[in-house]
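Colleague: One-letter residues, chain by chain:
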Amino acid sequence: MPAPARYLWAWFASTMALLGAVVAINLVVDPYGLFRIVDVAGLNRVKSQASERGPLFKHAGVERTHPSGLVLGNSRAEIGFDPESPAWPAWSRPAFNLALPGAGISAVAGDFAKALHATTPRLVIVGLDFLDFRVDPSSDDTFRAPAMSADPLPEMRERASALLTMSALIDSLATVRAQHEPYPTSLTEAGFNPKRDYIGVARRQGYFALFRQRDQENAATYLRGPKSVFQAGGRPAPGFDAVDNIIALARARRITVRFVIYPYHVHTLTLFHLTGLWPAYEDWKRELVRRIDAAQGTMDVELWDFTGFSPYADERVPRPGDTRTELRWYWEAGHFKRALGDLLLANMLDAQLDGERWGRRLAGRDVEEHLLEQRVARDDYERRHPEDVADLKALVAAAARR
Amino acid sequence: MLFNSVEFIFGFLPVTALVFFGLARWSHAAAAAWLAFASLFFYGWWNWAYVPLLVASAAFNYVCGVQLARLVRENRTRAAGALFALSITANLLLLGYYKYANFFLGIWGSFTGHPSDIGQIILPLGISFFTFTQIAFLADVHRGYAREYNPIHYGLFVTYFPHLIAGPILHHKEMMPQFQEARTYRLNVEDVAVGLTIFFIGLFKKTVIADGVAPYASPLFLHPGTPDLLAAWGGALAYTFQLYFDFSGYSDMAIGLSRVFGVKLPLNFDSPYKADNIIDFWRRWHMTLSRFLRDYLYISLGGNRKGTARRYLNLFVTMLLGGLWHGAGWTFVLWGGLHGLYLIVNHGFRAVRERLGHDLNRTSPHGRALARVTTFVAVVVGWVFFRATSLDDALAILRGMAGLNGVSLPAALATYMGPSMRAVLEHSGVAFALGGGAHFVFQYSWIIALLPLVMLAPNTQEILGRFQPALNFRYAQVPTRLAWRPSAAWAALVAAVTACGLLSLTRASEFLYYQF
Chain U
140 MPAPARYLWA
150 WFASTMALLG
160 AVVAINLVVD
170 PYGLFRIVDV
180 AGLNRVKSQA
190 SERGPLFKHA
200 GVERTHPSGL
210 VLGNSRAEIG
220 FDPESPAWPA
230 WSRPAFNLAL
240 PGAGISAVAG
250 DFAKALHATT
260 PRLVIVGLDF
270 LDFRVDPSSD
280 DTFRAPAMSA
290 DPLPEMRERA
300 SALLTMSALI
310 DSLATVRAQH
320 EPYPTSLTEA
330 GFNPKRDYIG
340 VARRQGYFAL
350 FRQRDQENAA
360 TYLRGPKSVF
370 QAGGRPAPGF
380 DAVDNIIALA
390 RARRITVRFV
400 IYPYHVHTLT
410 LFHLTGLWPA
420 YEDWKRELVR
430 RIDAAQGTMD
440 VELWDFTGFS
450 PYADERVPRP
460 GDTRTELRWY
470 WEAGHFKRAL
480 GDLLLANMLD
490 AQLDGERWGR
500 RLAGRDVEEH
510 LLEQRVARDD
520 YERRHPEDVA
530 DLKALVAAAA
540 RR
Chain F
1105 MLFNSVEFIF
1115 GFLPVTALVF
1125 FGLARWSHAA
1135 AAAWLAFASL
1145 FFYGWWNWAY
1155 VPLLVASAAF
1165 NYVCGVQLAR
1175 LVRENRTRAA
1185 GALFALSITA
1195 NLLLLGYYKY
1205 ANFFLGIWGS
1215 FTGHPSDIGQ
1225 IILPLGISFF
1235 TFTQIAFLAD
1245 VHRGYAREYN
1255 PIHYGLFVTY
1265 FPHLIAGPIL
1275 HHKEMMPQFQ
1285 EARTYRLNVE
1295 DVAVGLTIFF
1305 IGLFKKTVIA
1315 DGVAPYASPL
1325 FLHPGTPDLL
1335 AAWGGALAYT
1345 FQLYFDFSGY
1355 SDMAIGLSRV
1365 FGVKLPLNFD
1375 SPYKADNIID
1385 FWRRWHMTLS
1395 RFLRDYLYIS
1405 LGGNRKGTAR
1415 RYLNLFVTML
1425 LGGLWHGAGW
1435 TFVLWGGLHG
1445 LYLIVNHGFR
1455 AVRERLGHDL
1465 NRTSPHGRAL
1475 ARVTTFVAVV
1485 VGWVFFRATS
1495 LDDALAILRG
1505 MAGLNGVSLP
1515 AALATYMGPS
1525 MRAVLEHSGV
1535 AFALGGGAHF
1545 VFQYSWIIAL
1555 LPLVMLAPNT
1565 QEILGRFQPA
1575 LNFRYAQVPT
1585 RLAWRPSAAW
1595 AALVAAVTAC
1605 GLLSLTRASE
1615 FLYYQF
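Chains U and F supply the protein sequences, listed in that same order. Here the numbering used here is used: the first residue of the first sequence is 140, the next is one more, and so on. Here the numbering used here is used: the first residue of the second sequence is 1105, the next is one more, and so on.
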């Protein structure tokens, strides 16, 4: 055989062997928890890279565990609501956290529809984020209900890519390395993100750095983004139709739904005010109440609101350079901790509570009173903490300059 | 269809090659026709609507070329000149409509105060390349250089898939003879080995390096804001390497693919960041475009035959139009103009040195290093205009690169520094910005890894130099260990490169030069 022909055979065989080795490594380490063939502490138990393919990891988890309780939402829900929390009633166990970072309310409806292919939970907690509902007042978008007949091809491709891609190989190596790290990023088997990596950041840089970075980002996002929840002709944002869609899907299967408005930290609420978002924030609550009230009597559905200038939301941010003070309720102004999430769950699900009852069920008859109370509380907060408000104002001004 | 896609590598390429060599045993004409048909299929995969445009363009230019050749043969100079002018005008109008109509209407609107456009026009892929290729053909016919007019070979010359979308810009005279040769139609295992090796090295450059470094370039150009010194240089250098490996990877893949079919393409990319000056840079970057601009624009404008001032003006105009060729936007015009100025300065500097009696071929190692770094920095500054979406963005980035927005490091990095180090940095005016340091660390890791690679390492053509990978290639001996040969060790190394390239296919992205 001439040398070039021998070369081609050797090249082909070596390429195949290398690709085979990559498949084997990814199958054994299983960085996204899809195959679960090997589970060895020190090798692959901590799935540090699972969030790289969060949707794949979580939908596979739903298929595997057939949960009776389901959490839907964005990163706030992923980090805040632990399916292992004692607040979950027995009839809703096992629970699974299907919330995905960056998921808008339309994507959340899609995740719910997809999960219903694999299981019919009895209880669903749906996190609602005001920021998902903002729209350009001149836009004319519509919500498209997710298709119920899922095409298996993209998922098959996605699973194949978990075996035969460079990113999967890199994630496998990172997973092995992360087993001995003190604060690895990871998702629990039930889809909860304990945000261990933030512990490391908080201990090295302090909570001030975490809060400040989030406040800077939020100031810029709120300032530049739309400031309405109504589009052209006064039509509500498509996100409200996504809420209706979630209600309809749940009603058809007799699933109990608890919608929950996330407990925004006072910094976030103040930035809503400083960037001119407050009126839209109130409109959003009014429209949500209207939609969810309309479903009353046809199913078990409630809207819970944990926003406000409560002692929880007003958790004081440590001073710059303070790396010792630990916060109890918040990682930063964008994300609350599991401890606060447990309180929310206990309040909504009527579980035993150590602390006081908190949050309120929002319904049509008392929404205006609630909004007035919040306005008064906001003004009171801003009077009591002029230095905080000045600081946040400076961030907004800096964002405006950029 | 993208070279860096599963359907191309595992579907289109093997099927096209097998049918081509199968048909070639029976008829060379049928094999050539098949290759032209397969090339149209390759083009139509993107958008079938533009296949008739490509076919019509090739047919029109072929007919014009044949008629022009007849007129030239019959010495009917005026008729030949008129036909030549007509055909060139038609080509430029086609290109002008698809690529520049809205740009020029916008300028017209800003002058007259009556803005108008003709709706969104989708730029047909590769139109700049296949139009220029055919303009060169017509010019060669007019000058009496073209010899062969086989319609199937002409069709294949224009549509040949390895070069169709993003070059190289081919010369009729370097391709048509190859389509005539009988050896092209015989399966040659050495050609396949050399071709696939070059192709997969190119795939690695594109999918692993260019696509890998891209996330560290894009944020700066999408939202420049007021970047500090390190952020501005980090993003600009990341783009400098992204573009290099994207285009170099594409050029390798085109050359390698063609070699599988026994056809050599002209070299298009020759380690441009090793250039000692801007003149040298343009002899190494997009070489076939430089050749086209020199032969058909610069020389047509008078070249250096009409005095120094006119020569510099010709250079400037040529580069300005070269910039505009890349895209209908002021940033491209500025980029072209900037390189025009660079070239004028470079030629002027040479003229001064010659007048002072300096030997331009003798430079000290330090002088050469300084020249190379200066050239590289000038090129990076140029890329800022090339990539930025507006003049304001480009200037914002350049202000950052000049240090006018200060210097900062991620605060996360500060936690790994000792207090004295941190104090020294703060005393020197370095600020610590909030945020994780991962982006910064990865960005500069890529830059530090790639800089010596582009400045010092031999390129693909040099590594495979003994096998004459491309036309117009000046073979320089590379160290023996790096000279490719069909051995088991090289098979293993290229297999690793291939596996990495294939494993990175999932994030298939278009080549940057597809937009031109």
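Keep in mind that the hints were calculated from the coordinates and are not lab data. Keep in mind that a hint or two might mislead.
As the list claims (entries may be wrong) - Listed next, the stretches of chain U that the computed footprint assigns to chain F, with coverage defined by at least 3 CB atoms under 8 Å from CB atoms of chain F:
no., stretch
1, 225 to 231
2, 304 to 316
As the list claims (entries may be wrong) - Quick list of the computed label-pair ranges, beta carbon to beta carbon:
no., chain 1, residue 1, chain 2, residue 2, range
3, U, 280, F, 1546, 34 to 40 Å
4, F, 1383, U, 283, 34 to 40 Å
5, F, 1217, U, 363, 44 to 50 Å
6, F, 1576, U, 309, 51 to 57 Å
7, U, 309, F, 1523, 32 to 38 Å
8, F, 1164, U, 281, 42 to 48 Å
9, F, 1507, U, 507, 52 to 58 Å
10, F, 1523, U, 465, 21 to 27 Å
11, F, 1510, U, 281, 44 to 50 Å
Stated by the list, open to error - Only part of the chain F face toward chain U is listed, based on derived beta-carbon distances under 10 Å:
no., residue
12, 1538
13, 1597
14, 1599
15, 1607
Every residue gets a Cβ at the ideal spot worked out from N, C-alpha and C, and that includes glycine.
Colleague: Could you tell me which of the numbered hints above are not met by this structure, giving the numbers in increasing order?
Modeller: 1, 4, 5 and 6
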